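Colleague: The listed protein sequences correspond, in order, to chains A and W. If you're matching positions, the first sequence starts at 1 in full-length UniProt numbering and goes up one per residue. If you're matching positions, the second sequence starts at 1 in full-length UniProt numbering and goes up one per residue.
Bear in mind the hints are in silico, worked out from the structure with no lab data behind them. It cannot be assumed that every hint is accurate.
Said to hold, decoys possible - Partial list, derived from the structure: chain A residues whose beta carbon lies under 8 Å from chain W:
| hint | residue |
| --- | --- |
| 1 | Asp42 |
| 2 | Asp113 |
| 3 | Ala116 |
Quick caveat: nothing in here was measured; it's all calculated off a predicted structure. Heads up, the beta-carbon is just placed ideally off N, CA and C, and yes, glycines get one too.
Number of protein chains: 2
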Amino acid sequence: MIDEGAFIAALRTLPLHAGARGLRDDAAILEIGDETLILTHDAMIEGRHWLPGQDMADIAWKLVAVNLSDLAAKGAEPVGILLGHTLGDGDDRFLEGLHEVLTHYGVKLLGGDTVAGDGARTLGCTAIGRATHRPVPARRGARSGDAIYVTGPVGAAMLGFEALRDGNAKDSTAYRRPAPLLAEGRALAPHVTAMMDISDGLLLDCWRMASAGDGIAFEIDSARVSVADPSRRGECMRWGDDYQLLFTADPRTRLPVPATRIGMVSNADLSPLRLDGKILTPLDSIGYQHG
Amino acid sequence: MIDEGAFIAALRTLPLHAGARGLRDDAAILEIGDETLILTHDAMIEGRHWLPGQDMADIAWKLVAVNLSDLAAKGAEPVGILLGHTLGDGDDRFLEGLHEVLTHYGVKLLGGDTVAGDGARTLGCTAIGRATHRPVPARRGARSGDAIYVTGPVGAAMLGFEALRDGNAKDSTAYRRPAPLLAEGRALAPHVTAMMDISDGLLLDCWRMASAGDGIAFEIDSARVSVADPSRRGECMRWGDDYQLLFTADPRTRLPVPATRIGMVSNADLSPLRLDGKILTPLDSIGYQHG
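Chain A extracted, bound-state conformation:
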């Protein structure tokens, strides 16, 4: 059995569409006539991406929302989704959650497939969107001198996860029902030099964005990062599932949506990422590794 990194590296040797910046890395971009389509596919697996016994309505919401978040990071407006659904317990709740998320975001169900299966279920979703701005924002593109921003606090999903797991009185909504920042992504698209959604933790995604860039490094000032629980700042910056947008822009740009400036892009360094001046790497447990 080969590991995931080797698998993805091998996939990149296949006939890839020019717009396909790889699996997991980025959404696919497809020029069709005068339009630019964005395509993403994310899968969730029982026991890994959700807690046993979780309400399947929340799983349906999250499955669609995480795909819409990929579209948000591209400044795309959603066209529709296709589902790959393994039938099982809680399908009635799944349908309710699906109805809620589709109507909430005005997204259409285009089609898909249902299969019957035993054991841990895998749920897949393909989302299709239409780019509203070209060039389409990408992970790659940050320039030395750019400022680094996040649209909101990180760590709320972590607190929500703990509330759900422990059954405590805190609100678990941020973990159960992430909100893809579609309007924010569209508003930001013309102003950013790079953009992605934070799915696997702020620091890991900063590392990825800096690594995708050309001869640059990210310098993050932890005190500037807005976190859901200031007493657990380090954890908040390492937990994923918040789906805030991380982006870079010329520091003189007047941004159309509120965002927190958390650092600066500098020229390439020993490492693509420094936190408060200290080099960090993915070996320092900087976020959620898939998975």
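Add chain W to chain A, keeping to what the hints say.
Modeller: Structure of chain W alone, referenced to chain A:
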């Protein structure tokens, strides 16, 4: 737990795109600028859609091929695919098969997702194609007086499955490496009144096509059906996985590809399907029920 029929019926109450004739029924059709896109998603699950121990190269081939076959039935030319891949044993062989099928059909990998999981694996594929003829052929559309055709023999996949399962000397290629009839689908699209690929058995898919139509019934003459093993005609007409194209056309149409005429479309009857004059229903074990 609700059953698959109820699940799909409930999905149809969701906000569906106008082109989405439902999950499983048909591919989704999306008008984008001047182009018409076809989108399909099919999933395969370990132990249900493939035999334990099967070469994962064949599974990769089939996963992509069955999605391309859905595009073929729409007369579409493939643009690319997205994968939803659960990592596991045989991934090296999976990559080899993926490379083979993508290069063989000139299809590009656009993106996707990989997840780690235990237990039975689910593999998903979304295929995107560009319509070459409008209106796009559909299951619906057959008219009374049309002739019913199949592009080639049915039952070859059944014999291939048995060869693989029993380890006998027969050729298992038809089961392991189905060939989507992309060129045939494109050539036929301007001439047909209805078209679909035969994935679940000739008789079941005839029943579905007739049921999708408006006030029509299919009259099939079993002696005319080309089968891989004439001594097992009934089984050959009920086994799936052959991916021949089933279509209807005006009997005076000169067809651009070879096809066998197997019957006639008549006006609505007690049942949408008669075989040699006898009424058949899905309760008569006419094909592979998903699944």
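Colleague: So, against the hints stated earlier in the document, which numbers end up violated here?
Modeller: none
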